[in-house]
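Novice: Each chain, letter by letter, is given below.
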Amino acid sequence: MVLGLRQFTQRTGEGAGEPILDVNNGEEIMRVQPSVSIALANRSLESPGTLYITSKQVVWLSDVDRAKGYAVDFLSLSLHAVSRDPEAYHSPCIYTQIEVEDGDNDESEGSDSESVGVLDLSKVTEMRLIPSDSSQLDTLFEIFCECAELNPEPIEEEEEGHNWIFSADQIENEATVGADSGWHFFQDPPNSIGHSNGDHDLANSVLQLQINDQRFEDAEEMERDNDSSKH
Amino acid sequence: MLFFSYFKDLVGREVTVELKNDLAIRGTLHSVDQYLNIKLENTRVVDQDKYPHMLSVRNCFIRGSVVRYVQLPPDGVDVDLLHDATRREARGG
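Chain order of the listed sequences is C and W. Using full-length UniProt numbering, the letters of the first sequence map in sequence onto residues 1 to 231. Using full-length UniProt numbering, the letters of the second sequence map in sequence onto residues 1 to 93.
Quick caveat, the hints were computed from the structure, so don't treat them as lab data. These figures come from a predicted structure and were not determined experimentally. The reader is advised that the hints may include incorrect statements.
Unchecked claim - A few chain C residues facing chain W, derived, Cβ under 10 Å:
id, residue
1, T9
2, L77
3, S78
4, S83
As the list claims (entries may be wrong) - As a list, the in silico BS3-like pairs of lysine-lysine whose alpha-carbon atoms are at most 27 Å apart:
id, chain 1, residue 1, chain 2, residue 2
5, W, K39, W, K50
6, W, K39, W, K8
7, W, K20, W, K39
8, C, K56, W, K50
9, W, K20, W, K8
10, C, K56, W, K39
Each residue gets a CB set at the ideal place from its N, CA and C atoms; glycine is no exception.
Take these sequences, add in the hints, and give me the full structure.
Specialist: Set out below in structure tokens:
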């Protein structure tokens, strides 16, 4: 997985179209917000566009230029907030900070690339999304929160690894249980082997002795009961 | 889960969250989830000269993975309680 902002050009259909998502991996659209402008780093607004919040990423697509679009994974969104102070930014917006590769968030580099006129998307650490309907800001903020929680760190895979070990233990336990039940099955064959070896009488008498013991005890009780009822 | 429970107890208190990009945000802890994602309210940026644009933000969501430190209110730290909790966690885990 690559951190940071990236170009996004895969669209479906005619006209502005829609972003092509990774539906095979369960990506789904959580919110479509039309009429949203975008501002990357300290650059000026780009508009008009449509914001797509999916279960994995934030995608902004220009409504007029099919070649223009940006996307950032929720895994790369360090922080998001609602910004309403006109002194900080002229329009109320969703303000986000983006984690970039190398942890190199040197502002001078950003301005360097800006001075050349080409913006290196992978170094953009700030993104503002400005919906024309600012009453939607709080809703968008909450959707960002929900989606962020849908995307925990991939470190979680290590925990899954532990789960695998747990599963293996469980399989082992099940195997042991299986062996136990198998052991019961093997109780009888030795007797059969005893028969075939000519120890028929010995094996049989032992079995009978055990059975007789039990019956004898029961019978004795029965007899006692019978005796007491007779007396 | 220990820190999750601990931070849940701190909801409503003033904390300072320091991010790995050196940004430090002070605010009221609104909520925390199992990934230690943190929501702050009534925020203000500690180093305002460096991050002037963050002044405007009243509430924000911080991804747990980018948090370097959380500075706690001194009276929000019950050493004995934490001591017990960590021992319990070590035994249970």
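Novice: For each hint, tell me whether it holds in the structure or not.
Specialist: Against the structure, the hints:
1. This hint is violated: T9 (chain C) has a C-beta 27 Å from the nearest C-beta of chain W, more than the 10 Å allowed.
2. Satisfaction of the interface hint for L77 (chain C) is found here, the shortest Cβ-Cβ separation to chain W being roughly 6 Å, below the 10 Å cut-off.
3. Because the smallest distance between the Cβ of S78 (chain C) and any Cβ of chain W comes to about 4 Å, under 10 Å, the interface hint for this residue holds.
4. Taking 10 Å as the C-beta contact cut-off toward chain W, the hint placing S83 (chain C) at the interface holds, the least distance being around 5 Å.
5. As the CA atoms of K39 (chain W) and K50 (chain W) are separated by approximately 22 Å, the hinted pair is consistent with the 27 Å bound.
6. A C-alpha spacing of about 11 Å is found between K39 (chain W) and K8 (chain W), which places the hinted pair at or below 27 Å, so the restraint holds.
7. Between the alpha carbons of K20 (chain W) and K39 (chain W) the distance comes to roughly 16 Å, so the proposed pair stays at or under 27 Å and holds.
8. For the suggested pair K56 (chain C) and K50 (chain W), the alpha carbons sit about 31 Å apart, so the restraint of at most 27 Å is broken.
9. For the proposed pair K20 (chain W) and K8 (chain W), the alpha carbon gap of about 22 Å is at most 27 Å, so the pair holds.
10. The suggested pairing of K56 (chain C) with K39 (chain W) holds, with an alpha-carbon distance near 20 Å, which does not exceed 27 Å.
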